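Peer 1: Now for the letters of each chain:
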Amino acid sequence: MQVIFRNPLAGPSVLGITGGASLAMAVIFLTSWGMNWFLNAGTWALFIPAFAGAMMVLSLLLVIQRKLPMASTLLVVGLLFSHFTGAIESILQKMAGANNVNQFVVWGMGSLDNLTLSQVPWLFLGAFVPFIPTFYFLRKLNAFAMGEQIAATSGVDVVKLRWTFLISVGISTATITAFCGPIAFIGLMAPHVARLFIRSFNQQQLIYFIPIIGALLLVISDLISRLYALPLNAITAAIGIPCVFYIVFNPKRSGVWIR
Amino acid sequence: MDQIVVNEVSVVRGKKTVLSNLNLSFSFGELVAIEGNNGSGKSTFLDALAGLISLSEGEIFMEGKPLSQMSYSDRASFISYVPSRKTTAAALEVTTAIAVGDVFGRKMSRVEEAIQKFNLNELQNNLLTELSDGEYQRVQLARVWVQDTPIVLLDEPAAHLDATSRENLFAELLKWAKEENKLVLLCSHELQLNKQFATRTLQF
Chain G
0 MQVIFRNPLA GPSVLGITGG ASLAMAVIFL TSWGMNWFLN AGTWALFIPA FAGAMMVLSL
60 LLVIQRKLPM ASTLLVVGLL FSHFTGAIES ILQKMAGANN VNQFVVWGMG SLDNLTLSQV
120 PWLFLGAFVP FIPTFYFLRK LNAFAMGEQI AATSGVDVVK LRWTFLISVG ISTATITAFC
180 GPIAFIGLMA PHVARLFIRS FNQQQLIYFI PIIGALLLVI SDLISRLYAL PLNAITAAIG
240 IPCVFYIVFN PKRSGVWIR
Chain H
0 MDQIVVNEVS VVRGKKTVLS NLNLSFSFGE LVAIEGNNGS GKSTFLDALA GLISLSEGEI
60 FMEGKPLSQM SYSDRASFIS YVPSRKTTAA ALEVTTAIAV GDVFGRKMSR VEEAIQKFNL
120 NELQNNLLTE LSDGEYQRVQ LARVWVQDTP IVLLDEPAAH LDATSRENLF AELLKWAKEE
180 NKLVLLCSHE LQLNKQFATR TLQF
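Residue numbers (numbering that gives the first Met the number 0), protein chains in the order written: chain G, 0 to 258; chain H, 0 to 203.
Since the hints were made in silico from the structure, they are not lab data.
Among the hints, erroneous ones may be present.
Straight-line distance between alpha carbons at most 27 angstroms, and here's what the computed DSSO-like set of lysine-lysine pairs gives [to be verified]:
| hint | chain 1 | residue 1 | chain 2 | residue 2 |
| --- | --- | --- | --- | --- |
| 1 | H | K116 | H | K106 |
| 2 | G | K66 | H | K15 |
| 3 | H | K177 | H | K116 |
| 4 | H | K14 | G | K66 |
Owing to the predicted nature of the structure, the values given are computational and were not obtained by experimental measurement.
All chains should be built: construct the whole structure from the sequences, respecting the hints.
Peer 2: In structure tokens form, the structure reads like this:
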């Protein structure tokens, strides 16, 4: 995502994509219509609204990104999306019954506790399988990092590359948000931590390490959250925020991407 | 024989006509400098030649083939492009950036050669964001040299360079045109150097 949006601070939660999925989940948990649908359709069906919400925000970001003068402005747009989806969620919470609100708030803290073994194959399918088509573009990701003009004149089908990655990100964000709640900062941190370990900016090498580092960060955060009985998102934020500061104060080492 | 023909090309952006009914032709072996004030449409013309924007009217032909009907990879075998620095800055190692000239992985030995040829040995592990303007431009030249296309487009490549680097750059580009029989087209405000090195200048 940081390459596609050419922004070292891009991540599903920062850009409001998790927010889009989260809003869709609010509609399910907090409205009687949504709850009825969910009870009839089963847990796995949560993916559908989450995917619709995530893709809605992703598509809007893509349209808006092309009109922005500076890459950093995209983060402000992501923040606005998050606030907007948050505002609608709070309206829905105000109108919903106490039980539903409780269920939604607990889900919103992010947790791996409620995952059952039968859900794991679905989670794997949704989180990893969508990235298989992106391997076709591995060699071309570095060209994309240098800018769309260079990528397109180097022979990269930039439109196909962008949409392949965005749909993959949409599916995996939606799956994880549906099953585990909105978990912030892992997507933002993983590429930077992976870079520190393998000491390379070559996307072809990084792409194999980023999922491993992301998974490790999540497991470590989950372990701490269970040990101290704290919400998972509080732990990911505690690790993630210093990481954001590192990126902001080391722009040359973390990637300054201008348009 | 004219290998590149620009036939009645117009580009309209919003309500503004940026290029109007342009008819031009170019041959390999030329170093063409495009001059003109800011906003005169020089960069738009390069973007059109690179196939990066769609034309409002007209067509560009590369050895008889219409550019608009060529795939990304077909175009990349004809044209390489160095945009002006303000539009590109990525945290990538120099070697990785040079290898972008070979996205299909067919000319790996050329990447090594390019590092030697453009004297980038000591910089190969540096990031693009850490380079001076002159070094950055050398990396870009190395990248398009790896891509090895008959047409090379450069948008204000001499901007921000010191006098010696500017002259070296123009000399190198003229060598590409003459010795490697390429068509090199560049936008340039360096009127003196354009006059000294370019085989043709165009006014926009």
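Peer 1: Run every hint past the structure and note whether it holds.
Peer 2: Going down the list of hints, with the structure as the test:
no., hint, in the structure
1, H:K116 - H:K106, "holds, 15 angstroms"
2, G:K66 - H:K15, "holds, 17 angstroms"
3, H:K177 - H:K116, "holds, 18 angstroms"
4, H:K14 - G:K66, "holds, 17 angstroms"
In summary, the structure agrees with every hint in the numbered list given earlier.
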